[in-house]
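Please model the entire structure based on the sequences and the hints provided.
Residue strings, one per chain:
Number of protein chains: 4
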Amino acid sequence: MKKDEHIWKTAITDARPNSIRLRGYRIDELMGRIPYSQAVFLAFTGRLPNEEEGRLVDAILVSSIDHGATPPSTLVARTVAGCDVPLTSALAAGILSIGKAHGGAVEGCMELIGETVTMADKEGVSIEEAGQRIVAEAEACGRRLPGLGHRYHTADPRTARLFELAEECKFSGRHIQALKAIESAFAKSKGKKIPINIDGAIAACLCEMGFPSSAGNGFFIIARTTGLINHILEEWAREPKMRKIFPDSAVYDGEGDRSL
Amino acid sequence: MKKDEHIWKTAITDARPNSIRLRGYRIDELMGRIPYSQAVFLAFTGRLPNEEEGRLVDAILVSSIDHGATPPSTLVARTVAGCDVPLTSALAAGILSIGKAHGGAVEGCMELIGETVTMADKEGVSIEEAGQRIVAEAEACGRRLPGLGHRYHTADPRTARLFELAEECKFSGRHIQALKAIESAFAKSKGKKIPINIDGAIAACLCEMGFPSSAGNGFFIIARTTGLINHILEEWAREPKMRKIFPDSAVYDGEGDRSL
Amino acid sequence: MKKDEHIWKTAITDARPNSIRLRGYRIDELMGRIPYSQAVFLAFTGRLPNEEEGRLVDAILVSSIDHGATPPSTLVARTVAGCDVPLTSALAAGILSIGKAHGGAVEGCMELIGETVTMADKEGVSIEEAGQRIVAEAEACGRRLPGLGHRYHTADPRTARLFELAEECKFSGRHIQALKAIESAFAKSKGKKIPINIDGAIAACLCEMGFPSSAGNGFFIIARTTGLINHILEEWAREPKMRKIFPDSAVYDGEGDRSL
Amino acid sequence: MKKDEHIWKTAITDARPNSIRLRGYRIDELMGRIPYSQAVFLAFTGRLPNEEEGRLVDAILVSSIDHGATPPSTLVARTVAGCDVPLTSALAAGILSIGKAHGGAVEGCMELIGETVTMADKEGVSIEEAGQRIVAEAEACGRRLPGLGHRYHTADPRTARLFELAEECKFSGRHIQALKAIESAFAKSKGKKIPINIDGAIAACLCEMGFPSSAGNGFFIIARTTGLINHILEEWAREPKMRKIFPDSAVYDGEGDRSL
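Chains as they are written, first to last, in the working numbering: chain A, 1 to 260; chain B, 1 to 260; chain C, 1 to 260; chain D, 1 to 260.
I should point out that these hints are in silico values taken from the structure, not numbers from a laboratory. Check the hints yourself; a few may be wrong.
Just so you know, same-sequence chains aren't split out, so a pair can sit in one copy or run between any two.
Claimed, not checked - No more than 16 angstroms apart at the CA atoms, straight line, and that leaves these computed lysine to aspartate or glutamate pairs for EDC-like: (1) 188 with 128; (2) 9 with 239; (3) 244 with 52; (4) 244 with 5; (5) 9 with 234; (6) 180 with 115; (7) 180 with 167; (8) 100 with 111; (9) 100 with 84; (10) 170 with 51; (11) 180 with 111.
In structure tokens, the structure reads:
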């Protein structure tokens, strides 16, 4: 070990000449043995997932891989790509648009769910009761409820599918129950249902698996990097430089509907 | 279809209210059925990988997931994270440091391999002969040979493992042969071996699977996003704000050596 | 005017073919007639500054132009520049490190000053009394006081000079008084003086001139862009690619001390 | 001086506790004595400008301060700003769109001018003859001529004004002559005039003042930072979050036409 005052510690990867270990495992041993999604789980948690965790993490990553030409991150990445700059410049610009208003609700929703479960535990009330109190408090102080509502979908198919998978994988516990309680209480208060969105469903599943809220947005960003990069490559392949990009004017002309 | 002059086309994802299809497949159908890496392959190529392609793409992504505290992207992401800014700011800054000098050699190496194979085909010479000519030309005009040499590893275990897997997956064809020919010719010219690095091995495998060179750096960046995000989260969890980050002073204190 | 639903309005610059007007003035008329700093003032406020305002804005911009090799933004911009990427990538990465913890205290300090002056007005107390209450409240709820203290300077010469100029320019009013009241109250509470830093001095001067707090960090960032760009150019001119950059190891070897 | 192997040198700013010197001058002495633009000149060149240089640098910076809602950098900065992220995120994204295709032609044009003047000197031909050869060579190998043509203006008023000022300031020498020779030769070859744009005019003036081409894009970026920041602040002040931003749909509603 180095004897100097500037030493700092890291527990992620031990990189030495001709040896690279992620959380203790040789990366060359992991290669060909585990899928990438399990290495992601390992990087975040320090352990390999069991089969159910692995399946749920894959579903979370697949759900967020792309959303076509509608999100601001896509429009930004394509606009910057049109300016004859490197891939990393266009990608970084797209990522910078991910925040509370777009793609960044997972973390806040995980905090909300955590508060609800904690309240139920501490005050000895049911999850439903805790959800009602959390919604009432949020409305009283004008706090938004991240994880509810989508400007595009009214019944996001990804949300339903993720909850279905969570149940199959035995992860349908108190955190998912808490978010559903919040959804119900909010619907009652508003007089109409503002459904759980995909960010909310991801948040609930990550809570079920024990992830801290700080990790929440990371999964969305990792997954969406693939979508943004493909939009940048398509912009370069199909469009002239410096074109004006109009939102709402994209038309899908790819593969027709098909099934696995 | 919209009747306006601003229409542009995209073949990646068809996002409509309550329906999102990636390259024709419903994302909610893909969830729970394919691992994330296969969705990545689908996004790039428009089709699902076969078993061998899927395994090789997973190995490529796992190989690049992190490299500890040594790369400039890690140091940059951590320095920015220490300034009390959002995750996306620190991540974008890290990504901006990925270029020809760090993590960005895949694309250039794919072009080099492509030129070698094309020359062999067009001029009716062996891959070995073509590799010698390409190296001679590169040296004559001072062109660097991306994919060879590493400032850290002399025998990168990831490189050997990736070539081993390529062979297992029946992807050990003329493109890998071409890069090895370039390595040999360069060693003869220099009087010492400058070994193929992980970027080179990834480049050769992507060529074998038929990817265009423009996609090359994308795989590295997608994979490394996970590493960068975990370094940012660790910086926040373990270090004070605005600390000075000294390269070479990181000490690994995580999980001990272990095996699958 | 366009007849479409997508119209949006902007009051900054009217750019038409062969005519560009900033806040109503032809840019070609402004060229050669006003210094850049006055055009900055015009862009922010919609009017040209008087002589005193112009002088104070110039002093603010000059004060923030660079701080050598110590700030994280400099180290980040140089590290990214060393990776063989465009100027804009290195500059953007440097800018992304500017936040509450570095260079971004102006806005928060302007809000603090504004609250103090408003309290004095609304509750009919003296600025000194309001400053004491604001500090007491901040300490009670663990709120930081932006604009006080510097990790590097104990008697920042820029702060004293800026207050001197503010007095010369007749801008030494209630906002500067408020910040000094906060400094005094905090010193009394802490038992030692935590002096107003340059961010604080800029904040007080911008308040005196009537700028909204949202504009605060902008001046620092505009000014520092010059410093960051020069560090990037120097990195390219003097250093090898991919070098390791050690904080605290920079030695100044430029022009010797001189005077106007 | 530190005795360690990690020492690196910088000649820009000497920052010590309670003393900050830019190129040898105390920043607190410069404050109130020189306008910001002269400090920019000092940062780049290591000396203070004379009156003519100062005036020309101010004109260059003023010319580039903003171009309304048309450039991609503005649209990108506003789109990102609409996503509820910090000022620096939106600004960095805007800056990342500045490249060869937008705002980044100054450097390339300076190189072009430099080659022309060097050819005239080395081969003993007139500037006009050298300009013709450079254009012929560029056309032969498909090289673009940066600094000519604008997608928006046919007679950019900033260009004419900058050349007028250059003449007033006695900077109308061989570099401006070279760019005009290139413009003429290109017009003759194309059969129609592709006029020098503002990037070209700035490039010629920076060459006249002796700046290296690497500094070229820096002036545009420094100046435009002000425009981008004001667009971000206006987006926040006037528009809802996550709005769709349509290019070509911006209408100016600011101050009416006025004169100094």
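| Is it within a copy, between copies, both, or neither that the alpha carbon of residue 9 lies no farther than 16 angstroms from that of residue 239? | between (46 angstroms within a copy, 9 angstroms between copies)
Homo-oligomer pair classification [residue 51, residue 170; C-alpha up to 16 angstroms] | within (11 angstroms within a copy, 28 angstroms between copies)
Within, between, both or neither, where residue 244 and residue 5 count as close if Cα-Cα is 16 angstroms or less: Intra 53 angstroms, inter 11 angstroms, cutoff 16 angstroms: inter-copy only.
### Query
Is it within, between, both or neither when you check residue 180 against residue 111 at 16 angstroms Cα-Cα?
Close inside one copy (15 angstroms), not across copies (39 angstroms); limit 16 angstroms.
- Query: Is the C-alpha distance from residue 180 to residue 115 at most 16 angstroms within one copy, between copies, in both cases, or in neither?
  - Reply: Close inside one copy (14 angstroms), not across copies (41 angstroms); limit 16 angstroms.
> Can you tell me if residue 244 and residue 52 fall within 16 angstroms by alpha carbon in one copy, between copies, both or neither?
Replying inline: neither (45 angstroms within a copy, 39 angstroms between copies)
How would you classify residue 100 and residue 111 at a CA-CA limit of 16 angstroms: within, between, both, or neither? within (13 angstroms within a copy, 23 angstroms between copies)
message: I want to check one pair: residue 100 and residue 84. Are their C-alpha atoms no more than 16 angstroms apart within a copy, between two copies, both, or neither?
response: Only across copies: residue 100 and residue 84 sit 6 angstroms apart there, 29 angstroms inside one copy, limit 16 angstroms.
Note to self: Within a copy, between copies, both or neither: which one fits residue 188 and residue 128 at a CA-CA cutoff of 16 angstroms?
What the structure shows: within (12 angstroms within a copy, 50 angstroms between copies)
How would you label the pair residue 180, residue 167 (within, between, both, or neither) given a Cα cut-off of 16 angstroms?
within (14 angstroms within a copy, 49 angstroms between copies)
Intra- versus inter-subunit Cα pairing at 16 angstroms for residue 9 with residue 234:
The answer is between: 10 angstroms across copies meets 16 angstroms, while 41 angstroms in one copy does not.
When held up to the earlier numbered hints, the structure conflicts with hint 3 and nothing else.
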